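*Asks:* Chains as they are written, first to last, in this note's numbering: chain A, 1 to 355; chain B, 1 to 307.
Quick caveat, the hints were computed from the structure, so don't treat them as lab data.
Small disclaimer: the values here were computed from a predicted structure and weren't measured.
By construction, the Cβ of each residue, glycine as well, lies at the ideal position given by its N, Cα and C atoms.
Warning: the hint list may mix true and false statements.
Chain A is faced by these chain B residues, among others (derived, beta-carbon under 8 Å) [stated by the list, open to error]:
| id | residue |
| --- | --- |
| 1 | V107 |
| 2 | G114 |
| 3 | L139 |
| 4 | N218 |
| 5 | T219 |
| 6 | N223 |
| 7 | I270 |
One side of the interface only, derived from the structure: several residues of chain A facing chain B at Cβ under 7 Å [to be verified]:
| id | residue |
| --- | --- |
| 8 | I76 |
| 9 | G155 |
| 10 | L157 |
| 11 | Y260 |
Residues of chain B placed beyond 10 Å of chain A at every Cβ, according to the derived structure [to be verified]:
| id | residue |
| --- | --- |
| 12 | F2 |
| 13 | N60 |
| 14 | I61 |
| 15 | A93 |
| 16 | I136 |
| 17 | G140 |
| 18 | V266 |
As a plain string of letters, each chain reads:
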Amino acid sequence: MLATIGKPAGAIALAIALISFVLLALGASPAGVFSALYEGAFGNWIAFTDSLVKATPLVFTGLAISVAFSAALWNIGADGQLVIGAIAAGAVGPFLGGWPRPLAIALILIAGALGGAAWSGICGWLRARRDTNEVISTIMLNFVAAQILSWTVHGPLMEASRAYPQSMPIASSAEMYMFMPPTRLNLGMLLALILAIAMYLFLFRSEPGFQLRAMGKNRRAANFFRIPIASLTVWTMALSGALAGLGGAVQISAINHRLYEKVSPGWGFEAIAVALVARLNPLAIIVAAIFFGALDNGSQAMQRAEGVSPVLVQVIQAMVILILLAFDTSAWGNLRDAFSRTPTATSRTTEAHDV
Amino acid sequence: MFEQALEAFLTSTIAMATPILLAALGEFLVEESGIINIGIEGAMLSGAFFALSGVYFTGNIAVGLLCGMAAAIAINAMLGVLVINLAVNQVVAGTALDILAAGITGVFYRKLFGITGKAFIVTPLRPIAIGPLARIPLLGPMLFDQSPLVYFAFLMVPNIAWMIYRTRYGLRLRAAGERPEAADALGLGVYALRWQALIASGVLTGLAGAFLTVAYANTFVENISAGRGFVALAVVILGRRNPWGLAAASILFGAAMALQFGLQAVGTAIPYQLFLALPYALTLIVLAFFGGQARDPSALGVPYTRS
């Protein structure tokens, strides 16, 4: 247990040390930057709850990555899937006036999930039927999704006054239940928590979840054991996209209330860091998402206090991924096994090897 | 009037194809040796930023090009340590390097130019007209009045084709990508071959990035590579892992990009986002319907640990 937590924590500590050098090179004070980051993320009640708000889309996209990567389907397109989910939610939302609120919220979320699932399902189908590399197809669809969003807010979904490139607001009945205003805590976050538990049970306690992970360990062996590789590929990708799309819909329903030209600041990519820190475990994704959400939230304060661009957060994300990868390799694992007598070390390295 | 527009379109097509071709040739070398480099987008972006910085601070184009190559080689070297020496997952490592490059170039760019508002502009690498050939109608400007990097990119096509298919070294490189165990058993040194491919690829990818800033835009904006590295990944598959095929596929994408600029300038009723999405959608469609025929190197993307 300690080793499971120790490794990601060590990676984050090493990343912070390396970032300090970058900051010194930029002529900024590392202590000042990190304390501004902390203040911005956890300094007061509103800042703290806002960190949780920023963590919410990362839980959804983190779960999306976790499901796909567990099946060794390298979905790099969670960003595009989230965007399509948001577009679907933003398109349906304005027409839900007069519906009972629980039904309207359910509909806007279903629209988002279906949008995301359709977008990633294309890549799953292409992988299963045309053997098209899902890494490239998902990356390409990220770019296409961004252009579709730009087109919809300039074109078919643009607000009636046509003043700004933004859509009509969603009906108030489709707005998410909010808790404890003026904070932006909302029911969407509870949904994220429930989904994380559900995905944990699905992956580790259900037959399809087992098949999905078996396919991830060894596609050929899974095929040999009569696991339906082709349909499982399509459904896994669709599920992954549905989770990301749901994240987009929650963002529209709870926070944005309409579509703008930009929805995601790169949540789909940040999710890869989240999922790897959590070692693809859906429950750990909640903790990892809060950490990265807090970083995002604190980065604005960091810019105000120290004049360091919030883009720095991307450098931290990347370094955490790279360091975790370097720690988790079979090469390191073999070295460690040579000195370790505990049998658990072996099983851990086998799993780590897949990521 | 029409002829002028056509001439501009053709010239722009070759210019737009150049960074894609350079990056695709680099990716091709790496993939032949058995590594898939998703980090190529980040290597290109770093090349673009540091090449321009080199020119900006020294006023010397050659120094700038060297800086661009060094930056891309640095990104590739990080990938090399992770995927060659530590045998980690290549897709995840490459994606992390893309995020890293976007972050580092963004932080440095805003630190140097964001707050002060200084213009990050240099005297560009000028096109070189090859004598009277450049005055041939239609084809002259397209083929004989281009940046030196354009000539370099297209001259690398036969060179790399010869190297890969006609030399002993090329055979060894392909062996590393097809049967690493067998190649190592023959004493070919798989790790060394893959490292060499990554460094050569860094040179080409760095120049691809440098072309964007030093020869084309003459300035830097965040994320200037705009997915061209990813397009290069697709071009390698689309060009059927053959340098001549790569050149043809790069020209196809160059034409799509040139068309998009042309149509945006003319102003049509068609939404401009359609043209911006065109190269990416085209990549997907072409891969889905024509991508299956070329066989990947057997060991492509598979972490290899010498046992």
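*Asks:* Quick one: which hint numbers does this structure break? Sort them smallest to largest.
*Replies:* 3, 4, 5, 6, 7, 10, 11 and 15
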